[in-house]
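Colleague: Order-wise, the sequence lines are chains A and B. Letter by letter, the first sequence follows residues 2 to 323 in this note's numbering. Letter by letter, the second sequence follows residues 2 to 323 in this note's numbering.
Some hints here could point you the wrong way.
Identical chains blur together in the list; that is why a pair holds if it fits in one copy or across any two.
[What the hints assert, rightly or not] With a straight-line cut-off of 27 angstroms between C-alpha atoms, the simulated DSS-like cross-links for lysine-lysine are:
| # | residue 1 | residue 2 |
| --- | --- | --- |
| 1 | K282 | K213 |
| 2 | K213 | K145 |
| 3 | K145 | K27 |
| 4 | K131 | K282 |
| 5 | K272 | K131 |
| 6 | K282 | K272 |
Keep in mind that the hints were calculated from the coordinates and are not lab data.
Residue-level listing of the chains:
Number of protein chains: 2
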Amino acid sequence: MITIAIIGLGLIGTSLGMALRTADEKTSPIGAIGVVGYDVDRRAAGDARGRLAIDRAAGSLEEAVREAHVVVLATPVQAIRDVLQAIAPLVPQGAVVTDVASTKAMVATWAAELLPAGVEFIGGHPMAGKEQAGAASADPNLFKEAIYCLTPPVHASQNALDLVEALVTSIGAKPYYIDPVEHDAYVAGVSHLPFLLSTALVEATTRSRSWKEMAPLAASGYRDISRLASGDPVMHRDICLTNGVALTRWINETIEVLLRLREQIEAGDAKRIEALLAEVKRSRDAWLDTRPNLRPGETDFVGEQEIRRPSLFGRWGPNKKG
Amino acid sequence: MITIAIIGLGLIGTSLGMALRTADEKTSPIGAIGVVGYDVDRRAAGDARGRLAIDRAAGSLEEAVREAHVVVLATPVQAIRDVLQAIAPLVPQGAVVTDVASTKAMVATWAAELLPAGVEFIGGHPMAGKEQAGAASADPNLFKEAIYCLTPPVHASQNALDLVEALVTSIGAKPYYIDPVEHDAYVAGVSHLPFLLSTALVEATTRSRSWKEMAPLAASGYRDISRLASGDPVMHRDICLTNGVALTRWINETIEVLLRLREQIEAGDAKRIEALLAEVKRSRDAWLDTRPNLRPGETDFVGEQEIRRPSLFGRWGPNKKG
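Please build the complete structure, drawing on both the sequences and the hints.
Modeller: As structure tokens, then:
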């Protein structure tokens, strides 16, 4: 049996626990598992237990990780450094540590710096989420068919890769290997920039003196474009702090487009406005037409043998604690 | 029986026809109706007929409006001027002309300038829509519970107001009287600005050389924030052209917020970033907590007598054509 420790029982940590625990151990690539959960907020651990996301709530970080084969860090990004430092002397030799944070380069640096030899780190980032935080919004199907980025260091062992990949596929997600720096640049554009634009929309409109009169006219368009602004401020603060260079670049790109639009609007340039809007519509429709969650190079046809893998880990266990 | 002519059979025109024709004439405030439809594109008229949005497709503008009690203009904004000019000599005396365009001040000016005495114009704008254009996406429930802005001129007659209000309530929408210039400033913030931000996101990301690698990582956040960018380019071009001043102001406000965010990100100012994101989350959550489509001053409790009104128009008919 594989023991998995989940540190941080918010939306993702709790959803992950639920997904792991509802997988059929006979067919799941990771086999039989036990899930231990820990959160600095004891109430969060209680909520996760209530939602059957964990078998057991640990009373301390040490209790959570000391028998773990896999440790999943599901705290906000900035907290990961402290947690890595705290668990470094506690994690059993041979265990694998992974995380689910939205930025990967900084986390990889911290892990390389803090974890002892014999404890491998494989960064991870499921491309799934919700704007509501906390265990109450957790969903065991959150990761189904989602792309799950894995950003292993070059020297990662096959065993560690296999184990994390089994964890990912057992919750119905699709592992996608990518360099951590590349990952951060890309998600800055398709995930963090949308959040910032959602935030900018809400800030610009709600601080207006006319907001009270405007608000009733806000309909489904406003609701959807403002959705991400309801996300967790701490999680997004940490994203801003750990992915600043890429984000700054995307903010500049967006301002450039807005200035171009403003210029065309001021000039009343019907032709250029329509050309830009038509081009953007084509691009967005083309993206939407691709099958969601298709990894680069992946075709629409996925054979059975590619989905089902025998459990590699029925007999897997970590080395005894040294 | 009231004859309603719908000019322009895209998403809104067709949805409106479907909504009007599915209302129960015994309880509907507008009573028994007949709907005539016209579109410059004959295929669009055929599609609308196929979806039972109209009783009859007219072969010309003249045929569409010559017996109409109400004429609804559902073309893109810029086309409204030409249509008003064309129908001015054709509309029966006593008929009421309305529209469903997203901007109201310019349309009101055109109507005052072009329509003859004895034909009243009451501008309208249902706060409902979809990014997919055309009859195929039409939905008779599109207007249910939606706020429907009405921007009558000060000299509008009670008869004309009653008639348009009956049309609005018969499709399940909620009439909301507002000054056309105020309307344009407000919807620029809550409707047109979200569209432009959605467009800016798609333009900035899809033109990137890394788009092919980024696209698979785009998940539900990107999908939702980019949704409006799939809207009709011609409709939005016309919105940009007829609501430029307000839009320019909102673009400037948004750029100001983005620059502030960029500065905080570059400074790694965790405190100020978190404060801004938390404030924005509060504002957005507060907006979401209000009942959708509640007009200013409207309470959550709406008594039966406020919803159901006797039909004022069972015996209503326009003056004979002069």
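Colleague: So, for every hint listed, does it hold in this structure?
Modeller: Here's how the hints hold up against the structure:
1. K282 / K213: between (32 angstroms within a copy, 17 angstroms between copies)
2. K213 / K145: between (40 angstroms within a copy, 23 angstroms between copies)
3. K145 / K27: Within one copy only: 19 angstroms inside a chain, 49 angstroms across chains, cut-off 27 angstroms.
4. K131 / K282: Intra 25 angstroms, inter 14 angstroms, cutoff 27 angstroms: intra and inter.
5. K272 / K131: between (38 angstroms within a copy, 24 angstroms between copies)
6. K282 / K272: Close inside one copy (15 angstroms), not across copies (38 angstroms); limit 27 angstroms.
Checked against the numbered hints above, the structure violates none of them.
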